[in-house]
Amino acid sequence: MNLIRNQRTERTAPMLPGVLLFLALAVLSGCKSAAPVATAPPVERVATRALIDPRAGATAVPRIAPKFDKAWQAFSEGRIEEAERGFNEILGRTPTYGPATLALAAVRMEQGELDRAQLLIEDVRAVGSAPAAGLYAAELAYLRRDLENAFTLYSRALTELQGGEVAGTKNRLETIRKELFAARLAAARDESSDEKAIRSLRSALVLEQDSRAARTLLVQRLIELKRFDEARRELDPLITGEGSESDEIQQALAEIDAGKGRYQDAINRYERVMRKSPDAPFAGRLNELKQQWTDSNMPRHYQQALDSPSINRANLSVLIYWKLSSVRFAQRLAEPPIAIDTDVAGRDELIRALALRLLPVDPVTRRVEPHRTVTGSNFLRMAARLLSLRGTPACAGGVTEGVEAARASRLLAACGIATDEVRDGDPIVSGRAAAKILERLDRRLTGR
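In case it helps, this note's numbering puts the sequence shown at residues 1 to 448.
Read the hints as simulated data drawn from the structure, not as lab findings.
Please note that the accuracy of each hint is not assured.
Listed next, the in silico DSS-like pairs over lysine-lysine satisfying Cα-Cα at most 25 Å (straight line) [stated by the list, open to error]:
1) Lys260 to Lys436
2) Lys260 to Lys226
3) Lys196 to Lys178
4) Lys276 to Lys290
5) Lys290 to Lys260
6) Lys170 to Lys196
7) Lys226 to Lys436
These figures come from a predicted structure and were not determined experimentally.
The task is simple: from the sequences and hints, build the whole structure.
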């Protein structure tokens with residue numbers, strides 16, 4: 001005791017000259033009132049302020065209650081070391097008292113020692129000596145930012161505990177629910193896989209069924225996977241509610257209509273949106289749907305040519321006929337050369353190509369070879385010929401030199417016709433790639 005008193009004296013002694021000097025200065029300066037005594041700011045519980053009293057749900061032990069009340073009050077006010085001493089004293093006399101072990105876990109959590117806190121909580125949960133242990137495990141999971149586990153543990157613990165002492169934790173559960181919903185929604189937005197995004201969105205809607213953002217995104221992802229019936233069912237709650245006429249809802253309905261082959265209904269919806277919101281970025285999609293509607297009403301051999309991964313001469317003749325109005329409505333045509341192998345699907349279109357001298361016929365065998373594969377260089381040369389079918393346009397007047405296929409590419413580029421889908425060295429050309437270039441060519445020829 002004397003040693004402690006001496007140490008305190010040694011720590012206090014050097015302060016006396018400073019105190020005397022301060023008093024002297026105060027007198028000299030004519031201070032009429034004493035300076036206010038500074039008080040330490042209250043300590044805020046950062047980590048564990050949401051924890052309930054660890055005795056919640058446990059059998060009361062009157063002989064321990066006063067000391068536990070004092071230690072828990074110290075903990076609640078941020079006097080962590082004092083609280084820890086109190087809880088250790090309780091455990092020293094009653095080692096099996098679970099609430100005191102939980103209280104020490106709270107101390108460890110407040111100190112950032114989450115692993116040590118977890119061990120203490122697991123010990124209590126293993127023997128079931130403190131019903132509040134489930135809430136402590138939930139709070140620990142929350143501190144680790146494991147929102148999924150925290151929400152599950154909180155929900156389970158609240159069903160196990162009864163009474164007013166858990167009323168405050170319901171607000172904590174609501175906070176975690178909102179954070180978990182936001183996390184699931186953000187994960188879905190960042191997810192490249194539609195399937196995984198759909199799972200995240202469905203789980204988010206379990207937490208917040210009225211979320212317009214989550215439901216709209218779910219519908220969009222289902223449409224991407226062509227699951228149109230599911231998309232329509234998920235969209236139903238938004239159709240009957242406020243904002244059912246919004247652009248995003250009408251767009252989703254239009255895409256579902258298009259996916260089900262109801263192109264006219266889809267086009268009508270998009271046109272209504274464009275009339276209501278002229279700046280809506282749907283013009284490109286509206287044109288695509290109009291083209292798809294046109295394609296759906298085309299002859300079967302046209303659709304086969306369009307869907308072909310590798311078109312032949314017969315396919316190309318069909319695409320040229322239906323994509324270029326200058327070919328389809330050409331008049332005063334010369335007699336086509338005689339070919340003996342024109343009995344194919346799209347014979348009329350093939351004959352038209354022969355009449356326009358777009359395809360060669362062997363003078364000896366009299367064959368046009370309609371099943372011969374069209375290569376990239378073949379197609380580009382054909383596109384250049386079609387551009388000049390009514391005479392060389394002014395835009396191509398300066399392109400005169402080079403190998404035929406390379407010259408064709410430069411000629412098309414000079415007239416503003418992109419040919420990115422087909423290259424000179426390509427061994428095959430798909431129907432859709434050819435169709436896109438022919439559509440651009442038609443717009444150039446018709447001035448649209």
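To see whether the hints hold, each was checked on the structure:
1. Note on Lys260 and Lys436: the hinted pairing holds, with a Cα-Cα distance of about 24 Å set against a maximum of 25 Å.
2. Simply put, Lys260 and Lys226 have alpha-carbon atoms about 9 Å apart, close enough for the 25 Å limit, and the pair holds.
3. Of the pairs offered as hints, the one joining Lys196 and Lys178 holds, with about 21 Å between alpha carbons and a cut-off of 25 Å not exceeded.
4. Restraint check: the Cα-Cα separation between Lys276 and Lys290 comes to about 19 Å, which is no more than 25 Å; the hinted pair holds.
5. About 15 Å separates the Cα atoms of Lys290 and Lys260, which keeps this hinted pair within 25 Å; it holds.
6. Restraint check for Lys170 and Lys196: the C-alpha separation of about 30 Å exceeds 25 Å, so the hint is violated.
7. At roughly 23 Å between alpha-carbon atoms, Lys226 and Lys436 fall within 25 Å of each other, so this suggested pair holds.
Violated hints amount to a single one, hint 6; each of the other numbered hints is respected by the structure.
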